[in-house]
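Trainee: Here is how the chains run, residue by residue.
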Amino acid sequence: MSKQHVSIDIAGDLRTLPVPPEELWVRAPRPATSLLAQLVIAAAALIAVAVLALPLLAPVSEQPSTPGPVTTTPPSASIAATASPSPVVTSPGCPLGQMPSLDITFRPPPGSAPGTGAASAEAAFRRLRPNASDFTLTYPFGSGPAAPAWIVAGNETFIAQILGTPDGNNWFAFPARFLGCRTP
Amino acid sequence: MSLEKVSQRRASWESLYRQAFPDVYRAVLAVVRDPDIALDAVQDAFEIGLRKPPTTDANLNGWLFRVAVRRALRVRLRKPPQQLPRSDVSEIDDALARIETTRLLDLLSPRQRAIVVAHYFLGLRQEEIATLLGVARGTVGATISQALARMREVSSHV
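Chains as they are written, first to last, in my numbering: chain A, 84 to 267; chain B, 36 to 193.
There may be inaccurate statements among the hints.
For each label pair, taking beta carbons as the anchor points, the in silico distance ranges come out as [unchecked claim]:
(1) Leu-85(B) with Pro-104(A): 17 to 25 Å
(2) Ala-132(B) with Gly-225(A): 42 to 50 Å
(3) Ser-42(B) with Asp-250(A): 18 to 26 Å
(4) Gly-251(A) with Gln-54(B): 56 to 64 Å
A few chain B positions that, by computed beta-carbon distances, are all more than 12 Å from chain A [to be verified]:
(5) Ala-65
(6) Pro-89
(7) Arg-105
(8) Arg-121
(9) Thr-137
(10) Arg-138
No lab work stands behind these hints, which were simulated from the structure alone.
Just so you know, even glycine gets a beta-carbon here, dropped at the ideal spot from N, CA and C.
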C-alpha cells in the first residue's frame, strides 16, 4: 500500500496574505496628542457641568431668602429631568449669538490621535458603528470642510469632528447628545 | 539622552521594524486570526522595542513575532484594538478563508500555530523557537510533528 504524500506550502501561502496600509504600521506618536485630547475632554466636561448646573442654580438665585426645602427640592427634580432619556435631536442648530452645548462621550485615554482617524465624517461614523445602515448626516455647525457633522442613527446621535488638521485621516466620531443652546 | 539621539534611535528602530513588518504581521495574523488584534499587537511590539530594544538585530523577526504573539494572546481581552478600515479587514478575512494553509492552521491551538508559523514561515530554527517561547527544544520538535501530521491528515481528505 502506498502512502500518499501531501505537500503544504506554508511559507508560500502565508506570503500571499495582505497587509494593512503602510501608514498604519506605526501608531501616531501619543504624548502631544494625548494632551490635546485631555484638553478637549476637560473642555467638554466643563461645558456639560455648566449646562447641568445652570438649571439647579436658577431657582436659588431667584429666591435668595427662602430657607431649607426650597433649595433642596428643585435640584433633585432637575437631576431627575436631566437623567431621563433625551429626545433625539435631528438638527442641533442654535440662534445667532448662541452656541450648542453637547454631551460628548470621548474614548477613554489615550483617546483618539490625529492620523489614526478616518478620511471623512461618514467614514469615521461607519468605523464607530460598522453595522449601522440607516443614518442621516448633516452639518448644522458650519459649512466649511472642517465643520463637525451631526449624525442621527435610530435613537442615537453622534458628532463627527476633526482632531488635528483637516488633512489626512483625522475624522473621529463620538456618541453625543444635544443639551441645548447657551450664550457664550 | 538628547532629543536628537532619541529621534535618531526611533528612526533607526522604525526602519528595521518597517522592513520586518509584512512578514511579522502575516505570521501574527496566521496565529491569532484577527486582523485588528494582529495589527495592534505588532504595533505594541514596535513601541516596546522603542523603549527597550532587543539586545541584537539578529533574529529581529523572531523577537517581534514573540512579543506580538504574547501581546495578542494575553492582552486581547483587556484592550480594544485599533481598528483597520473595514475594506482592509474584509480583504484580509477573505484571504484567511481562501488560503488552504490558514484553514489548516485553524485545526491547531494558538501555541501550535505559533510554533509552526515561526518554523516554516519565519524560518526560525527549533532551538531559536524554544528560546523565544521559553519551551524545551524537544517540545518544539514534537509540536511540529504533531501539527503537520494533523494538517496533512485533513488536507489529504480535502
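Trainee: Should the hint that Ser-42(B) and Asp-250(A) are 18 to 26 Å apart at their CB atoms be regarded as holding?
Mentor: Because 23 Å falls inside the window, the suggested range holds.
Trainee: 17 to 25 Å was suggested as the range; check whether the CB atoms of Leu-85(B) and Pro-104(A) agree with it.
Mentor: For Leu-85(B) and Pro-104(A) the Cβ distance comes to about 21 Å; the hint holds.
Trainee: Could you check the hint for me, namely that Gly-251(A) and Gln-54(B) are 56 to 64 Å apart, CB to CB?
Mentor: violated (24 Å)
Trainee: Given the hint of 42 to 50 Å, check if Ala-132(B) and Gly-225(A) actually sit that far apart at their C-beta atoms.
Mentor: Check passed, 44 Å falls within 42 to 50 Å.
Trainee: Taking the minimum C-beta separation from Pro-89(B) to chain A, is that value above 12 Å?
Mentor: Nearest chain A Cβ is 17 Å from Pro-89(B), so the label holds.
Trainee: Are all C-beta atoms of chain A more than 12 Å from that of Arg-105(B)?
Mentor: holds (18 Å)
Trainee: Beyond 12 Å from every Cβ of chain A: is that where the Cβ of Ala-65(B) lies?
Mentor: violated (5 Å)
Trainee: Check the non-interface label on Arg-121(B): least C-beta distance to chain A beyond 12 Å or not.
Mentor: Since the minimum Cβ distance to chain A is about 6 Å, Arg-121(B) lies within 12 Å and the statement is violated.
Trainee: Minimum Cβ separation between Thr-137(B) and chain A greater than 12 Å?
Mentor: violated (7 Å)
Trainee: Would the non-interface assignment of Arg-138(B) survive a Cβ cutoff of 12 Å against chain A?
Mentor: Non-interface label fails for Arg-138(B): nearest chain A Cβ at 10 Å, not farther than 12 Å.
Comparing the model with each earlier hint shows violations of hints 4, 5, 8, 9, 10; every other hint is respected.
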